[in-house]
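Residue numbers (my numbering), protein chains in the order written: chain A, 589 to 911; chain B, 329 to 906; chain C, 74 to 336.
The hints are simulated quantities; they were obtained by calculation from the structure and are not laboratory data.
Errors might be hidden in some of the hints.
Computed list of lysine-lysine pairs in PhoX-like fashion (alpha-carbon distance at most 25 Å, straight line) [stated by the list, open to error]: (1) B/Lys491 - B/Lys440; (2) A/Lys909 - C/Lys334; (3) B/Lys491 - C/Lys277.
Sample of chain C residues lacking proximity to chain A, with all beta carbon distances greater than 12 Å (derived) [as the list claims (entries may be wrong)]: (4) Gly125; (5) Asp130; (6) Glu131; (7) Gly153; (8) Asp155; (9) Lys265; (10) Arg271; (11) Lys272; (12) Val283.
Glycine is no exception: its CB is placed at the ideal position from the N, C-alpha and C atoms.
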Amino acid sequence: MSGILVYVLHFEGAFNKNSLGAVSEAAKLAGELGTEAHAVVVGGDDLTDELCATLGSYGATKVFRAKGPEGLAQPVVDVIDRVLDDHGHDYVIFGGGLLGFEIGAGLAARRNAGVTMEVTNIAVEDGRLIAERPILGDSQISRSRYKGLGIIIGRINAFEAKESGGGAAAVVDVEVEYSPWSTRARMVTRGEQRGADVNIEDADVLVAGGRGLGRAEAFQLCEDLANVLGGAVAATRAVVDAGWYPYSAQIGQTGKSVAPRLYLAAGISGAIQHKVGMQASENIVAINKDRNAPIFEFSDLGIVGDLHQILPKLTEAVKAKKG
Amino acid sequence: MAGSNGRVVPAAYPPPVDSPNEFIKRGLDPEDERIEVGVAIVGGGTAGLAAANRLLQLLADDPELMESLGEVPVAVLEKAKTCGGHNLSGAVMRPGPLQELYPDLTREDWRKEGFAFGEVTKEAVYMLPNGRTKLRIPTPPPFKNHGNEVISVSALARFQQAKAEEGGAYILTETAATQLVVEDGRVVGVRSGDKGRGKEGEPLANFEPGTDIKARFTVLAEGCWGSLTGAAIREFGLARNREPQVWELGVKEVWKVPRPLDRVIHTIGPWPLRLSARYGHIGGTWIYPMKDARTGDDLVSIGLVVDLEYADATTSAHDLLQLFKLHPLVRGILEGGERVAWGAKALPGGGYWSMPALSMPGAVLVGDAGGMVDTVSLKGVHHSILSGKLAAEAIYRALKQGDATLREYETMIEQSAVGRELYKVRNTRQPFQKGFLKGGPIVNLAIATRGLLPAGRLRWHRNDHKPMFIGKTHEAYPQPDGRYTFDKLSSVFITGNATRDDAPNHIRVQRRVPRELAETWKWMCPAGVYEIPEDAPDEGYVDVIVNYTNCVQCGAITAKGGRLTPPEGGDGPLYTLT
Amino acid sequence: MKICVLVKEVPDAAVEKRIDPSTGRMDRSGEKNLNPYDTHAMEAAMQIKEGGQIPIDEIVAVTMGPESAVRALHKAVSLGADRSIHLSDEALAGSDVAATGYALAKALEREQPDIVLLGQQSDDGECYTIGAVVAEHLKAPSVTQVIKLDVVDGGLRCERQAEYGYDTVQVELPAVISVGDAINTPRYPTLKAIMGARKKPLEKVAAGDVGIDTARVGAEGSQVQCGEFKAPPAKEPGTIIEDEDTDATVQQIVAWLEERKLI
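Given only the sequences and the hints, what does the whole structure look like? Please build it.
Here you go:
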């Protein structure tokens, strides 16, 4: 058992929270397998010894560090390829996010390894890891075992970052010769914020409004609550059709699919066309004045009441809590 | 719902549609802008594809004629994503015409192909006095189904599509035909629909206009509510001296069940319909066993049909079906099972006297478009197939002889089983317009005398001339539980209905109408397209919300004051088992 | 220059997907359609060609699949591809994403494309980035989830939304680009194009024709053992509060959110 390697993404001096989740998960699994979890990072000078060593508090005992371009996948494939050649890890784990997919898939091709994507849980059986992922619209879980090297790419927010109180990780520098094709992509601008378009797919918290709001102006109630919760506003197809909110916020069968940590539905009946777009949300809170609204069948917390009364008071209360 | 209980006649609020100008195009586009085909068939359902299949069989033995028809001898235009996607029926089919169409196939072959589900060996007909009891009655002759086959028209159309493609047809799916092209008093082809229009009909970035398709002959196989058929009927006076057409709405579910059903069941009411003549409820239900030869599953087709003749605005075929399922007779069959399909479709119920003339210069009508449904025995599929076959033979002869007309087709139909069977039941259903109790005896007389009586020609009244009132039918509807009874939206969901968010609205209705009419639409529509805003007044005029993206294109709205116009190709449900 | 567009037929999004109990894999019978994301890839190819900044001699649609996959090729051709290639072989059945990417790359090697375009995901596999696998085998740069694509300095300037916002990446040709559905609005094919699609050249190739090592593909060649399924964890039934006193209700909500570390 030669260990679990985890890719850790960073940006502007901070590690990505999905990557930290993957490290935490790897550390836990490594413990069960009787081996170690190591991290691999690729970047420039902002990857200081101090910063890299902090991965130890998430359970990584070693951090392999290479100098290379940030935010591109193929150079990282080269780095991990080299680390695997030198140290022979049995598994490589990625947290959710675009780069995880790109690197993981490229690595699978490079090493002729098995890869599983959108993994929500990893089990340990007979000294081996088994990756579990939802399929068919989250209606079933598929379990994968690996013949050789296993590449596991997590779903967004699947692994929670947990500090396990480990000491500083040892930082090991890796010299890598990049493949010719890895240098034929060049980052021009990275991480550009485009304020106007809030991408609801990335939001941790969504406050969604439906017909029950009564009129377009009532979306202000949703926006106020979203603001204090640090989230974004979404809308059902019906109200987008009616022109109450823009199409970019639409959730449902057509329109976007989301899986935030908190989905608060105000005045939404929960018809299946909407449900399929948000049923994977971690916590679903629904406010509707109709006791028989379908949404109460799958919400975690349902409030039967008048959203026009509840939303403003809830906004105040949350604001007060946050101080 | 405190209605005014005044009576509102849907026909008094005609939809904003200008049939001749919208659906007829005068003259073809120039040669380089159009497509030329030998025979154009509008509608890839049972009848249209039967015509395609038969024509290609004849052309296979006549390579010279096939060549002369050019690159595209036969083209079928189908607005659904695939043939069968918009097709729905009970259905228990008389096997003859399909056997004639494919003499090399056995009924076992049909089942292996996945569109047939077993021969009928037992049948039962019940009267239901209420929701708890049933009365078995001796099977009336029209309901004798021994030897017939339970099929799915949706699956059959898929099979026919494959056969037509093998035979050399071009099947243009996701393609609506929006106009009939008429030149010098003759149908010279059709025009396909535009794609990429927005909500208000405005061209979007990827707007693609339709194309004219020039054809030597055109077959209109649009089924129940063809816009081109309606326009053709008006243009060529095909309904002159005919009774008006009347319509029925059927809502159907398919269930996977734990125990196989061993018989075909029909119930003829009155429950769950209301007996009062004032309500105008006429209809019945069916429960058919289906054995899926490919998976071994035991399935059941269950549905309810109601004449759109009714007067209570709160009549909802979908909800009546959900109510029907609560009867112990049905529970005994469905309990422990799982719903696997749902759908809705209107059908022409006028019979013989309402059939339009079936040919016009350059074109013919086949199947439901020609009103060829026997609503007494609930049989229309075999007529669709036979009429398609006869149309193909008439067209073949006309092409061979260089004839310009297809008038012999009408005689062929009249003299075939289609004409003979429909003639027999020509007066059998009209008496029900007086109500179940008053009309019943006359209907029975007609059945008993095999159509000899009543004599003469009984009239039909138009569905949209019936004054509507807000009654109490809705009070009996069960609250859907999502496992055994279902609401409209989740039913629409399992049809695979995928309509572009910003597609143009293909439904024409007046938007500000009396409450009674708005309620009529709201309850009638099985897909929940029509809604009344919560703050609308209880009496007087209300503004109707039209959620046209839910529409499964059943066509019922056209019977009660609205109009279903050709939607963008590719939209709508994707039925597989209906 | 040549653009190859990888296309795939997938079960229609509206059809209920299920596992075929006899094979333990996705039941792929029933309605199939061109993967909607691939129509965006075709549109992107056409826009590059019509843009004229690099001279495109031909657009070739390539697919791997059973007999029925020719429909996807016909559709791609009706959208503008000049010819198509159908990679079909019993040995390929049951290939996972890594094996599929390898097989497609071999077919593409033969074509020596300057640009490879594909949809970033397909409705059935629920995987992303087969493009990254293909690129690795072709030894070409790859960018996925691209929502804006322009020809700049003889290469491609790609924009995509990554973990921290929008990234702009410049790649030299030859390159493999996977596009998202926000990149463009695909055109509708004209009836003429649909009917003419059958006449365009369609080449059928088997694994041996393009040098695929069959030990690396198919169900046997997969490095992942799937076929084991279980039900998702049962969801706890939710709590329902009837609001009588809004202030009290709101306190309950806040407590609930706090308990779950949501505020």
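Hints, one by one, checked against the model:
Between lysine 491 of chain B and lysine 440 of chain B the CA atoms are separated by roughly 15 Å; this keeps the pair inside 25 Å, and the hint holds. A hinted pair counts as satisfied when its Cα atoms are at most 25 Å apart, and lysine 909 of chain A with lysine 334 of chain C qualifies at roughly 12 Å. Of the pairs offered as hints, the one joining lysine 491 of chain B and lysine 277 of chain C holds, with about 23 Å between alpha carbons and a cut-off of 25 Å not exceeded. Every Cβ of chain A is farther than 12 Å from the Cβ of glycine 125 of chain C; the closest lies at roughly 23 Å, confirming the non-interface assignment.
Residue placement check: aspartate 130 of chain C keeps its beta carbon more than 12 Å from all beta carbons of chain A (closest about 22 Å). With a least CB separation of 23 Å from chain A, glutamate 131 of chain C remains clear of the 12 Å interface cut-off, as annotated. The claim that glycine 153 of chain C is not at the interface with chain A holds, since no C-beta of that chain comes within 12 Å of its own (minimum 25 Å). The non-interface label for aspartate 155 of chain C is consistent with chain A: the shortest C-beta to C-beta separation is roughly 27 Å, beyond 12 Å.
Once the 12 Å rule is applied to beta carbons, lysine 265 of chain C is consistent with being away from chain A; the minimum gap is 29 Å. Interface exclusion of arginine 271 of chain C from chain A stands, the closest Cβ pair being 31 Å apart, more than 12 Å. The beta carbon of lysine 272 of chain C sits about 34 Å from the closest Cβ of chain A, which is more than 12 Å, so the claim that it is off the interface holds. The Cβ of valine 283 of chain C sits about 17 Å from the closest Cβ of chain A, beyond the 12 Å cut-off, so the non-interface label holds.
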